[in-house]
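As they're listed, the protein sequences go chains P and S.
Numbered continuously in this note's numbering, the first sequence closes out at residue 637.
Numbered continuously in this note's numbering, the second sequence closes out at residue 246.
Just so you know, these hints were derived from the structure itself, not from any lab.
Some hints could be false.
To be verified - Simulated pairs of lysine to aspartate or glutamate, EDC-like, Cα-Cα distance not exceeding 20 Å:
#, chain 1, residue 1, chain 2, residue 2
1, P, 252, P, 410
2, S, 18, P, 548
3, P, 15, P, 554
4, P, 102, P, 622
5, S, 226, P, 372
6, S, 242, S, 231
7, P, 252, P, 599
8, P, 102, P, 599
9, P, 637, P, 137
10, S, 147, P, 372
11, P, 213, P, 627
12, S, 226, P, 547
13, P, 15, P, 110
14, P, 84, S, 139
15, P, 596, P, 339
16, P, 213, P, 599
17, S, 147, P, 125
18, S, 2, P, 418
19, S, 2, S, 93
20, P, 31, P, 599
21, S, 147, P, 137
22, P, 213, S, 139
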Amino acid sequence: MELRAHVPAGALAGKWERHRAEIRLVNPANKLKHHVIVVGSGLAGASAAASLAELGYTVSCFCFQDSPRRAHSIAAQGGINAAKNYQNDGDSVFRLFYDTVKGGDFRSREANVYRLAQISAAIIDQCAAQGVPFAREYGGLLANRSFGGVQVSRTFYARGQTGQQLLLGAYQALACQIAAGKVRMYPRTELLDVVVIDGRARGIVTRNLVNGKLATHTGDAVVLATGGYANVYYLSTNAKGCNVTAIWRAHKRGAAFANPCFTQIHPTCIPVTGDHQAKLTLMSESLRNDGRIWVPQQRRDRRPPDQIPESERDYYLERLYPSFGNLAPRDIASRRAKEVCDEGRGVGPGGHGVYLDFQDAIRRLGRPVIAERYGNLFEMYQRITAEDPYLVPMRIYPAPHYTMGGLWVDYNLMTTVEGLYAIGEANFSDHGANRLGASALMQGLADGYFILPYTIGDYLAQAKLPKVDAGHVAARQTEAEVGGRTRRLLEVNGHRSVDTFHRALGRLMWDRCGMSRNAAGLKDAMQRVCVLREEFWQDVYVGGRGEDLNQSLEHAGRVADFFEFAELMCHDALEREESCGCHFREEYQTPEGEAKRDDGRFSHVAAWEFTGVGQAPVLHREPLEFEAVHLAQRSYK
Amino acid sequence: MKLALHVWRQAGPIALGKFVRYDVADASPDMSFLELLDVLNQQLIARREEPIAFDHDCREGICGACGIVINGRPHGPQRATTACQLHLRHFADGAELWIEPWRARAFPIVKDLVVDRAAFDRIVQAGGFITARTGSAPEANSIPVPKPAAELAMDAAACIGCGACVAACPNASAMLFVAAKVSHLGLLPQGQPERYTRVVDMVAQMDAEGFGACTNHGECMAACPKEISIDFIGRLNRDYIKGAFL
């Protein structure tokens, strides 16, 4: 396997423009003859499918939900960044680029991030034209707000539902193309394998989730827009259905998997209440603008918060980071919360929580101001916990939220399998080792609206693509393998439910490959993942039939893939002997407990090649060269 | 806490369905309603019985996938709350609950509590969009949108497409859903060129799907987890009348 990033030569600012001028175009009359398969209908998938159809391609789009409008992009709250400089505060393409590279702790590809920043402004134009009801100033122009880790105000938003509104914009654009007969939509249909013929992705095998029928869809290119894998931890802020299956099966067919250990743990989520917990709920990061984070100084202090005097509280972020205080970046805030809880100073049931206290802000600004800023979030918190945050401090704890790792892609967003593309959270993307707030929506839409529709044409125009159909021997073989796997899951007929296995895996990954990692723990985790995986295949009980709506079977297939994937994640975390962004190796820290990068040895993308289940994967390195930015130690002191 | 659940079980679209009683002995008041179903399903799996099929995904009240009728009320008794965000502390210990899928001709039952809401997608496909090719958009600030219009459009755009309005309506009307989309787009300057064809096309599709007509019961607004106002139906009617004569 060879990693060729295909980054165009020349000055950074001109690369994308020049590349667009040089790549091949498909004759308009020929576009209809090219069938493109898009898997996933979130921001990246829906925007790509709609834009490709507008260009004239024949498009099929698949999602496992009952409607493309329900993809998990819908849950994004905060906003979308763009270098519009509407606030006249000195924002620019370069500044957005620089903030993103720095926020990612210098582990992303410069050229991709620069292109993302260049495209950001056009995304806002596109979404406004579609009727996305962005927040406005009184004069009718677009409003902005600030977001973590940057010093300009460049985030566009639609109340606390920005992801929902952007997704509905893309969904409606997709609906328009479905109505025009240019996109065929397959809801409640899950990808179970990728068909590779002569080294090129030529189709997918799917399962109809209502009647269990397997089908092979062939085409000229396959685009995976299937999101992230935070559910490897079982408990995360991701939707229950989010899974690694599509990108994992693509990986097994030859697509390199990049930086799988880069997983973002978000600091402000509502803590777990009990063993029944099915998922975690995120509270917007904006709460840290006015809330103060603290824990009792004493261990196992069980007094209610209002009875702990000021002198016995530890406002640990303010103490450790006097200049950024409670607004320290996500990775740091999360790690410090875990640390104080591990010391036995956590609050709430099980001691897995820290206080986020608004009493000072309410005293200073008055309750109405706080209600105006955070009313909907306070209401959401109260609905879930039955506690009133105006009176009692909120309790928060970190939770897995986003995964920066994903399929390795070149500058054209193509994986190491010809004709197989990965966009949005599914690729290893532009966020390096840590994603800044309001950047995920920007990247998903940049990939789908403005990058893939150009770059895929370059491939289709030049690739020799003999006609194939579902009867091709490779396609039939792939479908047979998928069928066999489904049958095997049903035939195990053991004693433990799929859910118990998923919980056990999640717990293990959270403890050993979560917010902080060390070599001994990772080695131990790899062994235990193998043991669990074997137990799964010997003792899982799925129940029901394959030819029916069978949610336990769907879950079983996804969990089986998480088991295989988890091992790779630990491999990657073990191999990367440095701390960077969200990847914190306990062995590599400064005396003050901050992440210590090793640019000499690890300034690269780790792209893994699959060699077999339970076999050691092969590591390929894409060196990262920084021309426009100066590598620096992140400091938030 | 203890709960007695009567859950609608139906093997498939044409199978006969019935309520089956299940007793859950160890529910926690901190559980969400869907977590209660998770716990019950784990018990069913342990007994080698078929778990209850129900749609769910984000569990944050925004994706619109979940939708069950609890004691006759879509999404249950809590105001402005989806079933996934409804917690058991709102029920009394020992309560007896009847759990059903959405009931509407246009939402055929797939299995147990899962219904087919593709009709909503087809209504949107009929015109619930602004045609704006990728790449053709003008500079975003070149078209100012008055703040009150943007705010009202956002109120309508908050619809999550769950279908509770249809389930709540004695006529199984989809008027609130359609009105929300018509109003969202019709209130914005970008939505003006297609404003009247949009409303006529969407209403025609709504009728073709077999949804009933609106007779002003207002149950939809009471059931809506996003509290979409029935005022938008008035807005739809005005645009529809105008559109029908254009």
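For a C-alpha distance cap of 20 Å, please report whether residue 242 (chain S) and residue 231 (chain S) respect it. holds (17 Å)
Between residue 2 (chain S) and residue 93 (chain S), is the straight-line Cα distance small enough, at 20 Å or below? holds (6 Å)
Can you confirm whether the C-alpha distance between residue 596 (chain P) and residue 339 (chain P) stays at or below 20 Å? Holds, because 17 Å separates the two Cα atoms, which is no more than 20 Å.
Below or equal to 20 Å on CA atoms is what counts here, so check residue 31 (chain P) against residue 599 (chain P). violated (45 Å)
Is the hinted pair residue 213 (chain P) and residue 599 (chain P) satisfied, with a Cα-Cα distance of at most 20 Å? Given that 20 Å is the threshold and the Cα spacing comes to 50 Å, the pair is violated.
Straight-line alpha-carbon gap residue 102 (chain P) to residue 599 (chain P), limit 20 Å: Answer holds: residue 102 (chain P) to residue 599 (chain P) is near 14 Å, not above 20 Å.
Taking only the CA atoms, is the gap from residue 102 (chain P) to residue 622 (chain P) under or equal to 20 Å? Holds, at about 19 Å.
Compare the distance between the alpha carbons of residue 15 (chain P) and residue 554 (chain P) with 20 Å, and conclude whether the hinted pair is satisfied. Not OK: residue 15 (chain P) and residue 554 (chain P) at ~43 Å, beyond 20 Å, violated.
Residue 213 (chain P) and residue 139 (chain S): Cα distance at most 20 Å? violated (46 Å)
Would you mind confirming whether the straight-line C-alpha gap from residue 147 (chain S) to residue 125 (chain P) stays at or under 20 Å? It holds: about 18 Å lies between the C-alpha atoms, which stays within 20 Å.
Can you confirm whether the C-alpha distance between residue 252 (chain P) and residue 410 (chain P) stays at or below 20 Å? With Cα atoms ~18 Å apart, residue 252 (chain P) and residue 410 (chain P) stay inside 20 Å; holds.
If you draw a straight line from the CA of residue 84 (chain P) to the CA of residue 139 (chain S), is it 20 Å or shorter? holds (10 Å)
In summary, the numbered hints that this structure violates are 3, 7, 9, 11, 12, 16, 18, 20 and 22.
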